[in-house]
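Trainee: Since the structure of chain A is already known, use the hints to place chain B on it.
There are 2 protein chains.
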Amino acid sequence: MTSAQTDTDPAQVNAASHVLSVDAMGGDKGPATVVAGLSKFLGKNPDAKVIVHGPEAELKPLISKHNIGDRVTIHDAADVVKMTDKPKVAFRKGATTSMWSAIEAVRSGAASVCVSCGNTGALMLMSTIRLRKTDGVNRPAIACLWPSRNPSGFNVMLDAGADISADQDDLLTYALMGASYARNGLDIDRPRVGLLNVGTEDHKGRAELKVANELIANAADSGDFDYVGFIEGGDLPSDKIDVIVTDGFTGNVALKTGEGTASLISELLRSALLRNPLSILGALLARGSLRRLRKRIDPRRVNGGVFLGLNQTVIKSHGSADATGVAAALHLAYRLGQGGFSDKLAARVASAASLAQDGPQHIETGSLSTNTDK
Amino acid sequence: MTSAQTDTDPAQVNAASHVLSVDAMGGDKGPATVVAGLSKFLGKNPDAKVIVHGPEAELKPLISKHNIGDRVTIHDAADVVKMTDKPKVAFRKGATTSMWSAIEAVRSGAASVCVSCGNTGALMLMSTIRLRKTDGVNRPAIACLWPSRNPSGFNVMLDAGADISADQDDLLTYALMGASYARNGLDIDRPRVGLLNVGTEDHKGRAELKVANELIANAADSGDFDYVGFIEGGDLPSDKIDVIVTDGFTGNVALKTGEGTASLISELLRSALLRNPLSILGALLARGSLRRLRKRIDPRRVNGGVFLGLNQTVIKSHGSADATGVAAALHLAYRLGQGGFSDKLAARVASAASLAQDGPQHIETGSLSTNTDK
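Chain order of the listed sequences is A and B. FYI, in UniProt numbering the residues of the first sequence are 1 to 374. FYI, in UniProt numbering the residues of the second sequence are 1 to 374.
Chain A extracted, bound-state conformation (with noise of 0.2 Å):
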């Protein structure tokens, strides 16, 4: 059983999904930030509530400033964890820290999910300690959004480094909780899942990939999902899967890769139409498709890493995000929330384990699970 379901009775849980629990602490770019992205996210949102943890002295200003103090709830924590501290330091922190009380409010249910800027290792420790795993989940993931030719403009990927390993069960664990994740959060009512190697013929690739690769087709159609096999780094921006499981030490060097050359291309294309008075020209004229480019491929548009296998949802938010990133990573939090996310994917693991429990001549007529997960 979910601690959701032991903690609560059904009437908090509904007037939870309402509200946010947002740690406005630990960003790089401090908490008037992320209160001014709070304050975007509630102007867009009539309905949505938020508690904000942090030095209340601190917090109290920012957030009259922007008079969305009717909406908004302060928990005092007087301490911060820092973008150096090691995971442990951090937990050892422990209860006075903005990020500590943060997850509290979800683990009480007086929150639905929770979103924080802070340190990503500190946050996957805490969170995996306070919220505890979902049962038969044995490696939480970080599932990141990766721009791609899909209509929606995104692909999922899982996991972009909460581990530095995973093996076949984990992997498979991985492709239920990322379709889970893309029906949820991208509208994908049946998701293409694809397994990241080096080559997409069977033979390829280590021994936990081949095995994974069965497991996973095994599971696609009560997991309701449809499976494409192996694909290589070059798919991931492809239009031909929309989930991409993968090892957090693969997929947090394919994100890195990937946002680096993006990185490098701009900077070189800036450079390029710099280089004389013609293309200068040239990109004023061009410059509104330019800035639709930017726009559409644009870090603080995909904002919000989703930790994936708790037994709430935690949203991290890039450090780095401005208000808008921030906003950003709010509206995924308050849809995911708004749904019952955490529960739905509770639910689609749990099923999954019990199939494999009975055998796989339960496998095809897995249709119950259906019913849990939209």
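There may be inaccurate statements among the hints.
To be verified - Restraint ranges, calculated between C-beta atoms of paired labels, are given here:
no., chain 1, residue 1, chain 2, residue 2, range
1, A, Glu-259, B, Gly-288, 27 to 33 Å
2, A, Glu-259, B, Val-211, 54 to 60 Å
3, B, Thr-324, A, Ile-280, 38 to 44 Å
4, B, Ala-353, A, Ala-207, 26 to 32 Å
5, B, Glu-201, A, Gly-153, 30 to 36 Å
Keep in mind the hints are simulated off the structure, nothing from the lab. Each residue gets a CB set at the ideal place from its N, CA and C atoms; glycine is no exception.
Mentor: Only chain B this time, still in chain A's reference frame:
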């Protein structure tokens, strides 16, 4: 002893350093493209000679069309390794294939470096069995060039996919081989080497990375390179390193992710600029600058994955390379062949291995090795 040392006298080696061995078959665009690339290359290198391998009846007319018959020798080979052949199947086709014949010409000392556009897996298997691994190398690697902010425009990354795993000793060997390649292929006297990981702190990453981190740091002085420690995916195009060391699984995913990201962005840029008349005009005005940018990140300019750790050098040209791409791979091959690269690399690896056997007190005085490699 390398087979070059056993099979040939010094006069012959000298003669062969001007000769390349080229597999004309197996590329996606056929032998006409390879011969066109050959002609480009020979036009710029008046002392170079080439042995081409493939069906004589098909190659002869192509070569006389380009009027390069006096500097090209044809080795007739009736069979072709297909892109879809599994490596073992290709190997069993054996001696009648153009790929095998191209490798034999460097094995016998008739040519200095072998170049093929064919099937990578087959080329690696055939090369490893026929040319054998350099003493002290357990896993040969493929080194590729990565567009970067460095003055040369490129960094070296290895392994780009020769092997799906690498232990700490392999990673140390990759560091030595990559540094030697950067010195000889990119003219960098004292290359800066980084080890790819999911963070830059010493406690990050898998166990073998932590051990490799120490091994490579200890080998830096005797290997004549600087070790910058762990780097992340975002650092691949960085100007703080010249050589990126990683296992072939991660390297292959990173390489293809970078290519995929670059191709998504140029696609989006193109469609953004074609969106309205104003930006079409802008793009026309800036087209000189945009063309220069395209050239800067053109994969054809970085054509040539170099197999490191065999007794002779083999270069894999991209299967879809056009004449410009083939010529780029031949230029690289010629440069490495003339510099006696494979012997220098072998001496580097052997010297590191003997230093390790002699124990740490010899590492600091290991300046002997500087005579073996430029």
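Trainee: Indicate, hint by hint, whether the structure satisfies it.
Mentor: Results of checking the hints against the structure:
The supplied range of 27 to 33 Å is met by Glu-259(A) and Gly-288(B), whose beta-carbon atoms lie about 29 Å from each other. For the pair Glu-259(A) and Val-211(B), the supplied restraint of 54 to 60 Å is violated, since their beta-carbon distance comes to about 28 Å. In this structure, Thr-324(B) and Ile-280(A) break the distance hint of 38 to 44 Å, their C-beta atoms being roughly 29 Å apart. Look at Ala-353(B) against Ala-207(A): about 29 Å separates their beta carbons, and that is inside 26 to 32 Å.
For Glu-201(B) paired with Gly-153(A), a C-beta distance near 34 Å keeps the hint of 30 to 36 Å intact.
Hint violations for this structure: numbers 2 and 3, all remaining hints satisfied.
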